[in-house]
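Same order as they appear, the protein sequences are chains Y and D.
If you read the first sequence in my numbering, its first letter stands for residue 1, the second for the next number, and so on.
If you read the second sequence in my numbering, its first letter stands for residue 1, the second for the next number, and so on.
In short, the hints are calculated from the structure, not lab data.
Hints should not be assumed to be uniformly reliable.
Said to hold, decoys possible - Pairs of lysine-lysine, DSS-like flavour, derived with a Cα cap of 25 Å:
id	chain 1	residue 1	chain 2	residue 2
1	D	K40	Y	K152
2	Y	K152	Y	K10
3	D	K40	D	K59
4	D	K55	Y	K152
5	D	K46	Y	K10
6	Y	K152	D	K46
7	Y	K3	D	K40
Here the structure is a predicted model, which means the values were calculated and not measured.
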Amino acid sequence: MWKWLHPYAKTERAYQLCLTLQPWFWAGALLCLSIGTVWGLAFAPQDYQQGDSFRIIYIHVPSAILSMGTYVAMAIAALVGMVWQWRTAYMSMIAMAPIGAVMTFIALFTGAAWGKPMWGAWWVWDARLTSELILLFLYMGVIALYGAFEDKQQAGKAAGVMALVGVVNIPIIHYSVEWWNTLHQGATISKFDNPSIAPEMLWPLLINLLGFAFFIGAVTTVRLRNEIVLREMHRPWVQTLAKQQLANTQQKRAANQNMTEGN
Amino acid sequence: MQFDSFAAFINMGGYAFYVWLSFGVTFVAMGIIAIQSFIKHQNLLKQVVVEQERKARIKRARKQQQAST
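Pulled out of the complex, with its shape left as it was, chain D reads as follows:
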């Protein structure tokens, strides 16, 4: 360990603001891109299922129409 105490570690030799700002923004940015990718995946899967159900509905309606005429 290069630092004498936890407070010294947080202080980063006087450069606390710049060091923690850099590391904070970096990991927040990485977190956002990762989470956004996963959320998009879930939404896409839902979209696939919804689209499929819609197609099935249209098919059923068409059949009923044909049967009634």
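With the rest of the complex left out, here is chain Y:
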């Protein structure tokens, strides 16, 4: 049943898959993010309590949800790497870590910029905020641990263990608003049967959520390809590919120059 998946453990197939997916991910990200952001900023109705400051929700909630989602994806990759000894699994784990860290940073930053006008403080040591900050440290820990080893297979294992242990933090972040008395408000859209948000406000939020997901996918495909090239530098297929791609970009640059000179 899982046979179709096995060829992708090979780096060359994984690289090709990334190349195929990449344009769709970029197109999806650009389309969804522009629609969702414009809709959210200009067309969604005002919040009756928070006025226009609530529009930060259109980047805060997607980045926060996906900072956790990316972490889970990273931990699954680490688990696959450990169980089936796939090198590509560790490569995708480390490809996802920086973009996950950026998402966590965005969630924290937009949260602070939303907290200042609404709560009166940029930062409070609230359960939700603190556990999200720990998530950022977990991402940075995984990246640092991976970078500390010369042998990248060993690095993948060590960072993978850390990524797996850190999964404990995910339910803590999610339920922090219920378990503790927090300043942060409760869940808004994860209650699918009865979302506590008006549909005309919800739609741009869902579109932006999709856009952020596409963006994470797109960056991951680029970074996974980077990781593959780095690790397989001495393979013949990588060497021919590098020559071809560099020649292509040089040709393009030369063509552009001719165009500008012609004009």
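Here the structure of chain Y is known, so what remains is to put chain D in place on it, guided by the hints.
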């Protein structure tokens, strides 16, 4: 459109600083990570080619040395 004028849109009901700061930092951060990934890709490809040429050079030098001795 929820706003009466472009100026009102920019003003964001008095929350202009916080809203535009959030959106600005978000898209700048996303841009940086995306561009950094692409630049790294180009540099890696160059590194592969340079490494390959270096190896070829070493091989040639070794052959010449063997021929001369």
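So if I understand the rule, the pair passes when the alpha-carbon distance is 25 Å or less; does D:K46 with Y:K10 pass? holds, 23 Å
Would you check the hint for Y:K152 and D:K46, treating anything up to 25 Å between C-alpha atoms as holding? holds, 21 Å
Given the proposed pairing of Y:K3 with D:K40, does the C-alpha separation stay at or below 25 Å? violated, 33 Å
Is D:K55 close enough to Y:K152, meaning Cα to Cα at most 25 Å? Since the Cα atoms of D:K55 and Y:K152 sit roughly 23 Å apart, the hinted pair holds (cutoff 25 Å).
Need the status of pair D:K40, D:K59: alpha-carbon distance at most 25 Å? Measuring from Cα to Cα gives roughly 28 Å; hence the hint is violated.
Between the alpha carbons of Y:K152 and Y:K10, is the straight-line distance 25 Å or under? Holds, at about 16 Å.
Taking 25 Å as the top limit, are the C-alpha atoms of D:K40 and Y:K152 close enough? holds, 18 Å
Violated hints, listed in ascending order, are 3, 7; each of the other numbered hints is respected by the structure.
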